[in-house]
Amino acid sequence: MPTEPTSPRYWPWAVALLAAVAVAVAVVWIPVWTLRPSVPQSAAAMARAYALRRIAPAATLVALGFALALAWRLWRSTRWAGRALAVAALLPVAAAVWFSRQNHFEWLFPPLRHPGYAPAAAASFVEPGDMVLAVQVQGEAVAYPVRQVAFHHVVEDVVGGTPLVVTY
Amino acid sequence: MWDEQLRGRRLRFHLCGINNQNFVMCDEETGSWWQQVTGEAFAGPLRGSRLRLVFTDEVAFAIWRREHPGGRVLRPASPAWRSWSADWEAKIGRLPVVAGVPGADGRGPLPPRTVVLGLELRGAARAYPVESLRRQGAIVDDVGGQGVVILVGDDGRSLRAFESTLDGRRVPFFVKLRSSPGPAGSPAAAPSAAAVPASTAQPAPLASADPAAPRRWLDGASGSEWDFQGRAVAGPWRGRQLVPLPAGKDYWFDWWTYHPRTTVYLAAGGGAGDGG
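Going line by line, the protein sequences match chains A and B. Residue numbers are given in this note's numbering: position 135 of the first sequence equals residue 135, and the series is strictly consecutive. Residue numbers are given in this note's numbering: position 105 of the second sequence equals residue 105, and the series is strictly consecutive.
Don't read these hints as lab results, they were simulated from the structure. Model, not experiment: these values are computed from the prediction. Just so it is clear, CB atoms sit at the ideal spot from N, CA and C, and this is done for glycine as well. Hints should not be assumed to be uniformly reliable.
[Said to hold, decoys possible] Chain A stretches covered by chain B per the calculated footprint, using a threshold of three residues with CB under 8 Å from any CB of chain B: (1) 61-75; (2) 89-95; (3) 102-110; (4) 130-139; (5) 143-150.
Model the full assembly from the supplied sequences, consistent with the hints where possible.
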């Protein structure tokens, strides 16, 4: 009996492997697709995106486990075509495992966790007409240039003993 | 700007997504998703929780520095932030609003990307188109039964809102005009001042952004003189402080999304239109 990947004897394993790939990719791709800036978001789509983002790290690991087992099964039983399929199928699953642990929004807008400061009189990097977000807590006054906050989106700080998240 | 403490626990926030053009934060501790503009969690274990708003001003740096010479300023973390171009606001302002986003369909009294100053008081909301405020120096209004006054700073872009009630009565405010703000010591700088009703006040010349001559206001009850921080600096009420009101800038479509019953201040008619 030839051991071709198209052999009826092995196609269920190949289909199962492709299903594992589809699940892993869908779990990470659907939220990305939903959370595009260029489209509107419905409440139901946001809820689905949230649920998928939550389960993605575990779900992609489970999918990777299945995919490894199935790929091993195909590797042992097939020649080059089946082996190529097995290896190729593992790549998107591994990518999904990795991506589920990334925050791709912060690739473009890096958060600022440990901000540095200049005294007001020495802040030559701000123009007089530049807008700033200004806060005063317990007598401590801090200005956050809007352009910088817009770049980071999220700036964390402690002012007058109060931890703040500054957003724009 | 939000207080990161919730029921005694500090949360650490990240940018985690976008929801109809307004960004979503998530906290490290629970993974809940929060709407940046409302400070409310809408998904996850903390769903329904609200962060405490920390009072914030959005003003020109020159004005802030004049008021807080001992303050500190966020320093750029890396050269990368300069990739965020200086005219990013204008660029975003030219972007079309995504079809299907609430408030983006062109209904209502304002174009979707009109920048508004939003006030929310006693369950009522009102949006003030920033461009229409620029041409004025003070706007006296009523929101939810509360008398308010919006002061427009030297630059025409810095805005602050205060309660206009003093000693139980609503007080009108007027820009104190200078005939010629010229440089200090100039013989042309005649110290004559005139008060004009807020609705007809003209923008002060840019020269008044001179730190030596910040814009001032007069109240119509006592004639006291007020600065941009809402403090009476001269006159019978000297030393009094107006109660500041939280007011944030937003795009009209976004403000409308989160305040569907908002009204709109229309300077031309001098009144408020129905935004719904």
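Original post:
Any hints this thing doesn't respect? Which numbers, in order?
Top reply: Structure breaks hints 1 and 2.
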